[in-house]
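Trainee: Single-letter residue listing:
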Amino acid sequence: MAIRERGGPTQARGYNPAALRAARFSRIPSAAPLAAPGALCVAVLGAICVVLIAAPAAWGDALTPEYSPSRNANDIHTLYVTSLAIGAVIFLLVEGVLITSLIRYRRRRGGAEPAQIRGNTPLEVGWTVGAVAILVVLAGITFAYLSDVTTPQRSSASGLNAGTEVAALHQPAVPGGHSLQIHVNGQQYIWRFDYPGAQQVFSYHDMYVPVGTTVTLKITSSDVAHSWWIPKLGGKADAIPGHTNDTWFRVDKPGRLNGQCAELCGENHADMRATVIALPPDQFRLWMARQAADIRQSQALLSLARRIRGQGP
Amino acid sequence: MATPEYAPPAPPGALRSPAGTRANGGPPEIAVHGLRDRPRGWTAWLTTTDHKKIGLLYIYTTFLFFIMGGVEALLMRLQLAHANNTLLEPHTYNALLTLHGSTMIFLFVVPVLLGFGNYLVPLMIGARDMAFPRLNALSYWLFLFGGIAFYASIFFTPPSAGWTSYAPLSDNAFLPDGGIDAWIFMIHLTGLSSLLGAINFTATIHNMRAKGMSWGRMPLFVWTILITSYLLILALPVVAAAVTMLLTDRHFGTAFFDNTGGGDPLLWQHLFWFFGHPEVYIMALPAFGMISEVLPVFARKPIFGYKAIAASTAGIAFVSMLVWAHHMFPTPVPEVVLAFFMLSSFAVAVPTGVKIFNWLATLWRGSIVFKTPLFFAAGFLATFVIGGISGVILAIFPVDWYFNDTYFVVAHLHYVLFGGSVFGIFAGVYYWFPKMSGRMLSEGLGKTSFWLMFIGFHGTFLVQHSLGLEGMPRRIYWYPPHGNWQTLNLISTIGSFILATGVLVTVVNVLLSLRSGRKAGNDPWQANTLEWFAQSPPPENNFDIVPRIRSVEPMKDIRRDVARRTGRSAETVSQPVTTGAT
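Chains as they are written, first to last, in the numbering used here: chain A, 1 to 313; chain B, 314 to 895.
Okay, chain A solo, but in the shape it has when bound (with noise of 0.2 Å):
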């Protein structure tokens, strides 16, 4: 065996007591011997603490989503609260068996070698069709939900008499009722809106609609990819060049909701801004013929500024 060695150890064979004595845990200095597992243990229950108490009591807002007033809104709502309820459950069962494990089989000194246990077949398929089971009660609860979310409600009677303005529009997806069509158009930074009627009235960044009568939104862009998106009215939408995508919201109280794009959508992504004015009906009628005059008034003057610089037809 007489063969050069490289960058080899000097403790050519044999066992090797440098190495010996360094590996023994006991040797390895144990710097917070009991003190460690209980400050794990104040940090994970510190974690859970700010959860479930601290948040709740500070912020109200901070554990559920924001919703109401849109149906669609509350029920999103209902299912995150109830996933959030499982999940909560789940939670405290894996960090409580970890927290448990952690200091009821921290080493001791002396202690026994724990007991080589390499599974149970049983317990493990308990628990993997334990798994399957709470998912398939929560898939469940989703779709028991989920035509409520996407299917628009009817408008309520006090809602928006169908006039001129919905009439030219077809609205097959709202259950008996009237409903208003709005065109959602997503554009580097601000949103257009286009109403129904022969008015052709459109406005920016606010959104005018009449409480108690269900928005239909019909939503695309014609730039880059946008997401439409008003917290208190339910979910987003996105808004992609050459699809148009739905949604619908109905809100019953007079005011304002606010949102604002949620896909990156260039450099003032953060400053494209939606409002949603909710009016009632007759406010609502009074504000498209307003807005319709507004139009009509611009219009004519757009093109006589035109006509007098000689560009106009």
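What the hints contain is simulated information worked out from the structure, not anything from laboratory work.
If a hint is listed, it holds; no wrong ones were tucked in.
Listed below are several chain A residues computed to face chain B (Cβ distance under 7 Å; list not exhaustive):
hint	residue
1	P65
2	I76
3	L79
4	S83
5	F91
6	Y105
7	G111
8	P114
9	R118
10	G119
11	A131
12	V132
13	V224
14	A225
15	N245
16	A270
The following label-pair restraints were derived from C-beta to C-beta distances:
hint	chain 1	residue 1	chain 2	residue 2	range
17	A	I117	B	P352	48 to 54 Å
18	B	L547	A	E113	39 to 45 Å
19	B	T814	A	E113	36 to 42 Å
20	A	T244	B	T362	53 to 59 Å
Which chain A residues stay away from chain B? Per the calculated CB distances, all over 12 Å, these:
hint	residue
21	H205
22	G212
23	I295
24	S303
25	R306
Keep in mind the model is a prediction, meaning the values are calculated, not measured.
Ideal Cβ positions, reconstructed from N, Cα and C, are used throughout, including at glycine.
Put chain B on the given structure of chain A with help from the hints.
Mentor: Below, chain B alone, put in the same frame as chain A:
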């Protein structure tokens, strides 16, 4: 051991040994540490094909990228610390979020795990090197130059379309500068690097395992690397095709993703996420493997349900190919498609849950030794379960319509990728550093680092769930004072600096211990797997002899064997092993 079980064939001309080695005309009985003259100094690192050197190159390089990505994150957190803040320009902020995401995913988590794989897989399976050492070196250099090409863009125009680079924003109509091209080039180079690496791992693990190491005796970390390699081979060609299409859209007049030319922006999202979701598991599975190695060693108890953990790894990988559209729930997709992707995303939770339960059962009734690797592993479990639960909540597509693209998703993905992968990686760093350097890391600094990281992490990301619930979208460079946004953002920013301090403590720990750490010996943890049979750090040929593998814990067998033969307890066995014949 009367005869060595394994004697690698000597490469012709490479073995510098006196005549007489092949005394009986047969193969040499024992291979020695140094086989040939090697370049010394820094050139050794440039020309090396040694899997351990390449592994270390990966690990050091990726940690540099990790620090860069971390600084980018801190800058973003500073900007968001206060409402109406004007610290950063919007284009700078968008560049930072793109650099941060792309760096952490393509230049840190994936390659650092492949770096650990590079270092450990041959040692764990009792091989001398990877199957294709030169290809292995090529993988590293492709990765490095991919990273350099990407970061070169900060001197010109950095990319600013997010790590997902959604078309049409990433098209030249909207971002004509070279940043997106640098991003594409980086995806190509790192993708090729990972693909070659994956082929290399597959060939190595299939063909070069020690005698007796059947599939059922392979270390769980090797299982995860093998399955990750399959995922890479399936997923990477898709993103390579997608970014090539983006490149031709940008510069050669095609319109794959341009609806005005007959293309479809949604095609990009489908192709990207077809790769992107398996990528999530590519980042998670090897970290799971590390946890599966660390927990039994520090619980002094075998891993609970070895087969279930290996099978769940394969199960996660299979289902992860079928869940990509859960990133696209708010896009115009038929409801039945949404339902399918919700159910498939639920399905991933089952094998993931099985893993968590098995890890808990490994700790249960153990004799838990509180060393730093265990802290990070326990921190991983405590944290990852939150990411898993929020993942299931996000899979419910009506709920996702609310949460998609909000800070809830940012919190979720960091619970999975930082709380999961990065805590796993840090457990791995503290666990394998003694093997890689021959020295122990400081336990005191290690535990300090863990606590800072653990507290900082939850401080940063727990409150981001609430930000999402209160309607704050992600990727916005400023926000008005609205509700609790300002308070929550400030907490998050403070947390992020505590987290960064924790990472810094580990960096200091590594630098100090490399210089003056206590000598580790071969097997400081009394571990189970074969890499602890080699010297620390292992010599170029890894093993003088490789024992026949008789169980999933070969080191336990060896220790028991030695105790039986010598009549005294052997807590470690050092190489080279006497063959008895001499």
